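K.L.:
Protein chains in written order, with our numbering: chain D, 1 to 325; chain R, 1 to 347.
If you are wondering where the hints come from, they were derived from the structure by calculation, not from laboratory data. Heads up, a few of these hints could be off.
What the hints assert, rightly or not - When the alpha-carbon atoms are kept at most 20 Å apart in a straight line, the in silico SDA-like pairs for lysine to any residue are as follows:
| no. | chain 1 | residue 1 | chain 2 | residue 2 |
| --- | --- | --- | --- | --- |
| 1 | D | K269 | R | K74 |
| 2 | R | K278 | D | L143 |
| 3 | R | K273 | D | G276 |
| 4 | D | K269 | R | K273 |
| 5 | R | K154 | D | G276 |
| 6 | D | K244 | R | E281 |
| 7 | R | K273 | D | L143 |
| 8 | R | K273 | D | R202 |
| 9 | R | K206 | D | I272 |
| 10 | R | K145 | D | I273 |
| 11 | R | K273 | D | D223 |
| 12 | D | K270 | R | H221 |
| 13 | D | K267 | R | H221 |
| 14 | D | K270 | R | E203 |
| 15 | D | K269 | R | L271 |
| 16 | D | K198 | R | L269 |
| 17 | D | K267 | R | K344 |
| 18 | D | K140 | R | E281 |
| 19 | D | K269 | R | K344 |
| 20 | D | K267 | R | M342 |
What you are looking at is a predicted structure, and each value in this text was computed from that prediction instead of being measured.
Here's the letter readout for the chains.
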Amino acid sequence: MNPEKKDDILVKVEHLSKFFHISRKAVLKAVDDVSFEIKRGETVGLVGESGCGKSTVGRCLIQLYKPTLGEIIYDGKELSRFTGAQKFNFCKKVQMIFQNPYSSLNPRMTVSEIISEGIRIHEKLSEKEQKEYVEELLLKVGLNKEHMSRFPHEFSGGQRQRIGIARALSVKPEFIICDEPISALDVSIQAQVINMLKNFQREEGLTYLFIAHDLSVVKYISDRIVVMYLGKIVETGDAEEIYKNPVHPYTQSLLSAIPEADPREAKSKKRIILEGEIPSPINPRPCCRFAKRCRFATEECLEREPGLCEVGPGHKAACIMLEHD
Amino acid sequence: MKREKILEVKDLEFSFRTYGGVVKSVRNVSFDIYAGETVGIVGESGCGKSVTAQSILKLNPEPPGFFGEKSSIKFKGSEIVTKTEKEMRVIRGKDIGFIFQDPMTSLNPTMRIGRQIGEVLKGRMEGRENLSRAQIKERVLEILKMVGITDVEKRYKQYPYELSGGMKQRVMIAIALVGNPSLIIADEPTTSLDVTIEAQILELLKDLQERFHTAIIFITHDLGVIAKLCDRVMVMYGGKIVEKGSVEDIYYQTRHPYTVGLMNSIARLDLDKSVDLKPIEGTPPDLFSPPVGCPFAMRCEHAMKICYRKLPDYFDISDGHQCMCWLQDERAPRIKLHTQLMDKGEE
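Isolated chain R, as found in the complex (with noise of 0.2 Å):
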């Protein structure tokens, strides 16, 4: 199969001005989406997966944010970093869509969700169908359908405080879709909903991927919706990306300290009470002066002298497996690094 690449992230640097000083929230972060696929970026809260997120759609307020100077996001083709404000609002939404963390918060109180909804499809920008007020509610109707909303006419009308909090995600996810984007970013879209409406949520987002085969970025600190959801995985720390790869290789080839970290202190169902976890000691790093070496070494365990002093390379493990880390040099120890999961692999 003949993969085509929409999305090229590469170099991206994002900082933001602040009395403190300047936070470089993300650096040199490069990666490829594909048409159809799943991508998920995992990392703790300030490692900066949602700067990356949002900067691909420049959701980033700028000023105080700024890209550095090599950044680059080509979507098709075409740069977004030097585009401007006018120039994106007719990307997001028709080529892009966005799924909001908290359902609550990002949809519009004073707005009924049929309205709300077909404004992704209204107005006579460049590149836009032009439809009528019947088509475009014809369209949101379908769409809301498509959601699993039931008694779309009713729902139509309603505003965002009716519906409950499951619902408001499908209505976020109903605007994500009807401009029929070939790439959706989903920022947390479950985090604030209960296991059960999350499973739903999950579920209806597999479902409508493989009916509009759309490629999607998923954000995520939750490692079990990586596994179900996703065809590849970036892990982030620090601003930067530390390991990359297919679900297989990140979760049963395990290479960077740090996902052998996170991987080891989630309490898995099947784990024994006698087991301690093993949780990462120590807290992420400062941004505002982020270490001259590895962001991981001063949490790592493995930490050698050259971590502390110099940005470890990416090291290629497999195709498509890529990990920053010295451990992956060759004069360095052979460490072998553990988690339950590890095992499995290797059966």
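Just chain D, same shape as in the assembly (with noise of 0.2 Å):
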């Protein structure tokens, strides 16, 4: 990371809100109130269970939604009111990796034809020079050339990836917002792929967004680490004071969940096993979302929402017994 940038804000989020209208009565609040911010160059985990509404702040922020409320400033211009040739820019300075590798990518086109798709819109290149590029990026991704007139269904997941790969660093963007990009790969390959993301963070300078569930890879690839349950941020802060000295319960039960691969460790730890399961963001109550599973809930949990508060620097986390210290 450049130091004299550290403090450079690339994307600030504020009070991002989304909502889904399911019928008259149901609304589903995927995202609510949301607030967090990203350095230029930094990488930030977004962690969180299954339906906490991470990959919609992903899909909100790369405008593939709309979102209900709030705002998102990228590079001090807020993004809802960009003109024609600012979101043309935008388009090309932001990417995205995707989840699933076997439908993110157009299985009619073959692997060139997908990876110089972007090329085509935002750089003038000679056929040749595309050509050549497209070679270049291939065995950047660790494939070569001769991949480049092949489909995508002759490739491997871990292929499939990198071939996702190659097309968001294609049009030389400056933040990618990773969604899930190793979930569906076999250990020995999210290896490989992590590492190529690193790589390229430092060649390049890239700012990454990384959206995972995995809390032990979120971990090891970020330098800070926001924790969403149901729809809310329910702590944030840097990686390390995360995993050294988690706050909120969600959080400590998150971490005490992730299986170690260590069989005295993981014989003799004592892990905190959440009653239940996550419940419905459809219409909310307007309590602490956690309060339900939560070890240490009182009735004041259930009455009304906490907000985040400072716990150190730059850590933060919204649960009503901070609020009482």
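Using the hints, build the complex out of the two chains.
P.N.:
In structure tokens form, the structure reads like this:
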């Protein structure tokens, strides 16, 4: 990370909400009043269980969804007020890597068509230059130029994810949203992809929003972590800090639920096992979303919503217990 | 303690005929399962772990699948490979239970939960108790409570779509348990679940095992889950078991380069960010024409000439710890394999 640019905020999300109206009365609050920022050159990890709204945040950021409320400020400019030319430029600067490498590549396009689609729109390159550039990209992600004229179905999951990454990199973006890029891959392949993403960040100063449910991977790759539960941020802070000193009961149980690949530790470690399951985000009650599964829940937790409190430098958590201290 | 051997798999070979040729999914796999223990099978997709498990219950479609000539699976002394479908139906559910990977698709969507669980007990097949309807219902409600489902009378009448993923997996476990089997095969039972739910299910399986003293074959690709739950581990690669031994042996005395690679490629929580993960380069072998030599040779950084030419034998490392690797031969160069956990084991 470039030290002088350390406090340069690239993306700022302010009070972002995304509601889906299911019927006249039911509202699914996928994301509810979420604020965080991403500095240039850093990796922010967004974790949570399925249905917590982490992918919805990612999709709002790249304008696949229009936010219901709130603002997203990219590089000092508000996303919703972008003019046509600015939008065009935004598409070039912000790219996404999708979760499922099987469904996110067009099966009727060859690899070179998939990768060069963005280049054709954003860069003025001759046919020959374009071909060379695609070859270069393929080499970069660990494939070779023989793969150019093949179709996605001819590749394994890991290779397809590499194609997806090459596609994202093709327009030289500065910010990449990685929506569970490795959860569909095998362990040994996961490590290949993680290393690759880290290398690109080092070389090109990319900024990542890394969305995942696997806390150990997120902790490994991120500088800062945002933990979400049922559409709300429950804890955010430095990756090391969250791992060493989790203050929210949900983060604590999430961390302790990770199966450690160390038999002695796994058998001696006392785990906090959460009761019940993640409740429905349809018409949630205005109380702490975690209250029903929380070990420490009191009457008050069911009455009002906790706000984010500062517990350390850059470390915030939303829990009523903390408000009292 | 005298251990009773309940399952004996010997030279198991299972292949599928496809348009592209014959795929040899499982090649010469042998192992034993003793009563009451938990054995993990770990490996990446396509390594043959699921096919191995399913062939124990003859769940693989035949044709296109077929057993190799020498294959033998003995469950409590009786041969399974030659059994007919009708004979297998007696064993399935009653002697051996099966928990499938995807609870969303492996339950019958048109059948109420209660009936679905009770089905295992029904029928007047040989060797099954003749239970009345009321007895069956009583037994089902009891098992539902045991797997941690509340409000059982209501759940009994619900359809699978009304339950969440974790609940459905509990129902699957109930189905596997209700016949009181001596062996349960769990094929990636927690892969599609969230971590907190996964922790619940693992805890439940452990509890139930202690109570019923059932043996479990646990298939997964997650080394963390194995560490928590299993007594013994078998690591599979390219249709072969490449290393097997007790959990302690495999994690702290790792011998096979593939197992070492697996251990080094997981992002452990205590791993420093500045340390690069060490992935295993390359991709698994093509099982249409499996390599003549060691299946891992092409991705192995220590591969020698012989590795490409001849399939390694199993070398005994210690009692019960076996490794299929030429590096263990006395003529091989002494190479020091290293994982973080191995340091711990030496302490």
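K.L.:
Taking the hints in turn, state whether each one holds.
P.N.:
Results for each hint:
1. For the proposed pair D:K269 and R:K74, the alpha carbon gap of about 37 Å is over 20 Å, so the pair is violated.
2. Of the pairs offered as hints, the one joining R:K278 and D:L143 holds, with about 19 Å between alpha carbons and a cut-off of 20 Å not exceeded.
3. Restraint check for R:K273 and D:G276: not satisfied, since their Cα atoms lie roughly 33 Å apart, outside the 20 Å limit.
4. In summary, the hint linking D:K269 to R:K273 is not supported, as the alpha carbons are separated by about 23 Å, beyond the 20 Å threshold.
5. Restraint check for R:K154 and D:G276: the C-alpha separation of about 17 Å stays at or below 20 Å, so the hint holds.
6. In summary, the hint linking D:K244 to R:E281 is not supported, as the alpha carbons are separated by about 32 Å, beyond the 20 Å threshold.
7. Taking the CA atoms of R:K273 and D:L143, the gap is near 26 Å; set against the 20 Å cutoff, the hint is violated.
8. Distance check on the hinted pair: R:K273 and D:R202 sit about 13 Å apart at the alpha-carbon level, within 20 Å; holds.
9. Of the pairs offered as hints, the one joining R:K206 and D:I272 holds, with about 15 Å between alpha carbons and a cut-off of 20 Å not exceeded.
10. Taking the CA atoms of R:K145 and D:I273, the gap is near 18 Å; set against the 20 Å cutoff, the hint holds.
11. Among the hinted pairs, R:K273 with D:D223 is consistent with the structure: their alpha-carbon atoms are about 9 Å apart, no more than 20 Å.
12. For the hint linking D:K270 to R:H221, the alpha-carbon distance of about 23 Å lies beyond 20 Å, and the restraint is violated.
13. At most 20 Å may separate the alpha-carbon atoms for a hinted pair to count; D:K267 and R:H221 meet this at roughly 19 Å.
14. For a cut-off of 20 Å, the pair hint linking D:K270 to R:E203 stands: about 12 Å separates their Cα positions.
15. Straight-line distance between C-alpha atoms of D:K269 and R:L271 comes to about 18 Å, which keeps the hinted pair within the 20 Å bound.
16. Of the pairs offered as hints, the one joining D:K198 and R:L269 holds, with about 17 Å between alpha carbons and a cut-off of 20 Å not exceeded.
17. For the hint linking D:K267 to R:K344, the alpha-carbon distance of about 15 Å falls within 20 Å, and the restraint holds.
18. Between D:K140 and R:E281, the direct Cα distance comes to roughly 15 Å. Compliance with the 20 Å bound is thereby established for this hinted pair.
19. For the suggested pair D:K269 and R:K344, the alpha carbons sit about 16 Å apart, so the restraint of at most 20 Å is met.
20. Simply put, D:K267 and R:M342 have alpha-carbon atoms about 17 Å apart, close enough for the 20 Å limit, and the pair holds.
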